[in-house]
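Peer 1: Chains as they are written, first to last, in numbering that gives the first Met the number 0: chain L, 0 to 305; chain Y, 0 to 334.
Be aware that one or more of the hints could be misleading.
[As the list claims (entries may be wrong)] Here are the simulated lysine to aspartate or glutamate pairs, DMTMM-like style, with alpha carbons at most 25 Å apart:
#1 Y:K156 / Y:D224
#2 Y:K320 / Y:D300
#3 Y:K320 / Y:E80
#4 Y:K203 / L:E203
#5 Y:K249 / L:D138
#6 Y:K203 / Y:D224
[Said to hold, decoys possible] Stretches of chain L that chain Y covers, calculated by requiring three or more beta carbons in the stretch to come under 8 Å of a beta carbon on chain Y:
#7 196-210
#8 213-223
[To be verified] Label pairs and their calculated CB-CB ranges:
#9 Y:R151 / L:R150: 17 to 27 Å
#10 L:F145 / Y:T93: 46 to 56 Å
#11 Y:R151 / L:R234: 20 to 30 Å
#12 L:E199 / Y:A220: 51 to 61 Å
#13 L:A200 / Y:G120: 46 to 56 Å
#14 L:Q295 / Y:R96: 29 to 39 Å
#15 L:Q295 / Y:D224: 13 to 23 Å
#16 Y:R95 / L:Q295: 45 to 55 Å
#17 L:I20 / Y:A220: 32 to 42 Å
#18 L:G34 / Y:T205: 36 to 46 Å
Hint data in this document are derived by calculation from the structure and do not stem from the laboratory.
As the structure is a prediction and not an experimental result, all values here were calculated from the model.
Note that beta-carbon positions come from the ideal geometry of N, C-alpha and C, so glycine has one too.
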Amino acid sequence: MSADSDATATTGTVRPSGQPIKTVAHRHPWSWVLGILLLLPLGMLAHLLATNPAFGWATVRAQVFSATVLDGLWRTLFVAGVALVGGFAVALGLTLMRRSGNPLLRLLSWAYCWFFRALPRIVVVILFGSLGVLYGRLDLGIPFDFWIERRLGLDLDTRYFSFDSATLFSGVVAAILGLTLTQAAYFTEVMRDAFAGTDEAEREAALALGMTPGQARRRAVLPPAMRVLAPAGGREIVRLYADTALVAFVPYPELFGTLRGIGDQTGSPFPMLVAACLWYLATVSILLIGLSVVRQWATRRLEAHR
Amino acid sequence: MSDQTPTGENPADQTSTSQTPTSQTPASETTQPVPQRPATQQPEPQRPGTHQPATQPPDPHETSVTTRPISRVVPQEFRHEPDPVLRADRLTKTYRRRRVLDDVDLQVLPGQVCCLLGPAGAGKTTLLRCAIHLEQPSRGRVWIDGSLLGYRQVGSKLRPLSARHVAAQRRTIGFVADPPALFGTKTVLANVIEGPTQVGNTTKRTAIADATALLERLGIAALADAYPADLADADRVRVALARAMAMEPKVLLVDEPAARLPAPAAAELLRDLATTGPGIVVASRDPDFALRVADVAAVLDAGSLVESGKARDVLTEPAHKRTAAVLAALREQPR
């Protein structure tokens, strides 16, 4: 290390006393050693990926862009999109209920969140897939009409639509319901945290300026809430996207379900899992980039208020 | 809640002196808008002059500032005076059977500084919040620049105004809370232009020019691009004053500025702002600050108005024992 000290001795500014300041770079040799050590398992993994025949790269390549798999991918995107929008809408309603003056509404909102947050998501999803057990048919009409009819001694035809609930609650409806309703509960929690951090005094200051309550919400409550809402909401969106894989157990043939099906049929499930991993890695990466772009834009809008 | 003038409160005997103000007396001193009331509870009409021995010898300089009760309906003889920008009439606020504000009357003229003086819990903040309708009074009314705040009268009943109408009324009222509650995500300048651009229909360019001038006037021009979190407490009060004044209010309500600003600086700022026209109501616990800032002082204790009148008289020669006790307690406490 003598070469180092020679090099550093000649650099630096000159003190008033005339002596040059010795600047010595702070070095972390051990962190480099650790880094190199950690490269070893990574290399082993690469070797494994390249040489182990179980990965079946040929099968992966053959299937990963096949029409069936792409259909599954679209279904994943569709379910995630609907659950995102629907979950957000329901969460908005639940948040308003929770903040309302009506104790019954507050209780209902709380109970909803308690129920869907206490149950594991996969259980909820499978539960919705099996709801067909409860009723053979689903009718749309007036609630408790059988009771009303009996009381009045009439035979009203109050059932306007009916569905076969077994078909309704398998597939896309169950998938969307399971994801949307759970996501609504998760979003509600995020919103609660976000609005808990806002200051009632700032809202009143906005009202005092002469803003209407709606304006005060937009201008004084939302901006500080967005500081919590934006990052936490982003995390929730990524989580929702990843959790779409759960609806394979509804069963609903989205990306993961499709690939698993192919794997079972062809007798090579592992390569299909690898294909699923590749697709999720790729799509989530795009999603993350998109979210970060949106966040940067939103931050600019928030900070540059002039 | 009838709006009739209680008989016997018409200060006809005082009109002659007040009608002929000495020419060089400042406008703020020519009037005595806050009613005098005894500390005792009985609502019987008071005889003017009884509580203010200082005014009894007819001093030529003091005749026009004699304390006199103001009736609920301003008699014709007073029409030459400016109309009050704020008038609180028998204002009462009850929280769960606790009277926070008890039957308080108050009038503030344009350009006048009125100091609400009283210990913590006297009802100063509640009175200010009622005066911008952030708090609905349990009883009594507030008029801002002649219009009934928050309600419209239908027959003998009061109907609450819609949120939109209340918002429109609040545009003429400035409010500086304690703590000042600036918008944390916005810069100082953005805080100040928020009202004119979002509520008024000022263009951003004009609003920025006006706001910059206002910040200059309040001595915080250098802080325009800072965020509230980075400011000193005293500067936050200045920014909040600028934000309120940017709306060019008729009434400016300021809660405890002397708790965060040095009292002389706070007094100077408010006196300067009053020259622009708004009637100012400022709450404080500091009698010395009140003496510096106020034309009119109103001493509150436990929700009721103990004494009000010309600031110098009330603060230096209180007419009531209770006022003197409140002032002594306030002077004693460390600040």
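Peer 1: State for each hint whether it applies.
Peer 2: Hint-by-hint comparison with the structure:
For the proposed pair K156 (chain Y) and D224 (chain Y), the alpha carbon gap of about 49 Å is over 25 Å, so the pair is violated. Simply put, K320 (chain Y) and D300 (chain Y) have alpha-carbon atoms about 12 Å apart, close enough for the 25 Å limit, and the pair holds. Our distance criterion of 25 Å between C-alpha atoms is broken by K320 (chain Y) and E80 (chain Y), whose separation comes to about 32 Å. Among the hinted pairs, K203 (chain Y) with E203 (chain L) is consistent with the structure: their alpha-carbon atoms are about 23 Å apart, no more than 25 Å.
Between K249 (chain Y) and D138 (chain L) the CA atoms are separated by roughly 62 Å; this puts the pair beyond 25 Å, and the hint is violated. Between K203 (chain Y) and D224 (chain Y) the CA atoms are separated by roughly 16 Å; this keeps the pair inside 25 Å, and the hint holds. For the segment 196-210 of chain L, the stated coverage by chain Y is satisfied: 11 residues place a CB nearer than 8 Å to a CB of that chain, which reaches the threshold of 3. Evaluation of the coverage hint for the segment 213-223 of chain L: fulfilled, as 5 residues show C-beta separations to chain Y shorter than 8 Å, against a requirement of three.
A hinted range of 17 to 27 Å is violated for the C-beta pair R151 (chain Y) and R150 (chain L), which are about 47 Å apart. A hinted range of 46 to 56 Å for the beta carbons of F145 (chain L) and T93 (chain Y) is consistent with their spacing of about 51 Å. In this structure the hint that R151 (chain Y) and R234 (chain L) lie 20 to 30 Å apart at CB is violated, the actual value being about 49 Å. A hinted range of 51 to 61 Å for the beta carbons of E199 (chain L) and A220 (chain Y) is inconsistent with their spacing of about 30 Å.
Take A200 (chain L) and G120 (chain Y): their Cβ atoms lie about 19 Å apart, and the range 46 to 56 Å is violated. Between Q295 (chain L) and R96 (chain Y) the CB atoms are about 54 Å apart, so this pair departs from the stated range of 29 to 39 Å. The supplied range of 13 to 23 Å is met by Q295 (chain L) and D224 (chain Y), whose beta-carbon atoms lie about 21 Å from each other. Restraint check, R95 (chain Y) to Q295 (chain L): a C-beta distance of roughly 49 Å satisfies the suggested window 45 to 55 Å.
Checked against the hint of 32 to 42 Å, the pair I20 (chain L) and A220 (chain Y) passes, with Cβ atoms roughly 40 Å apart. Between G34 (chain L) and T205 (chain Y) the CB atoms are about 58 Å apart, so this pair departs from the stated range of 36 to 46 Å.
Hints 1, 3, 5, 9, 11, 12, 13, 14, 18 from the list above are not met by this structure, while the remaining hints are.
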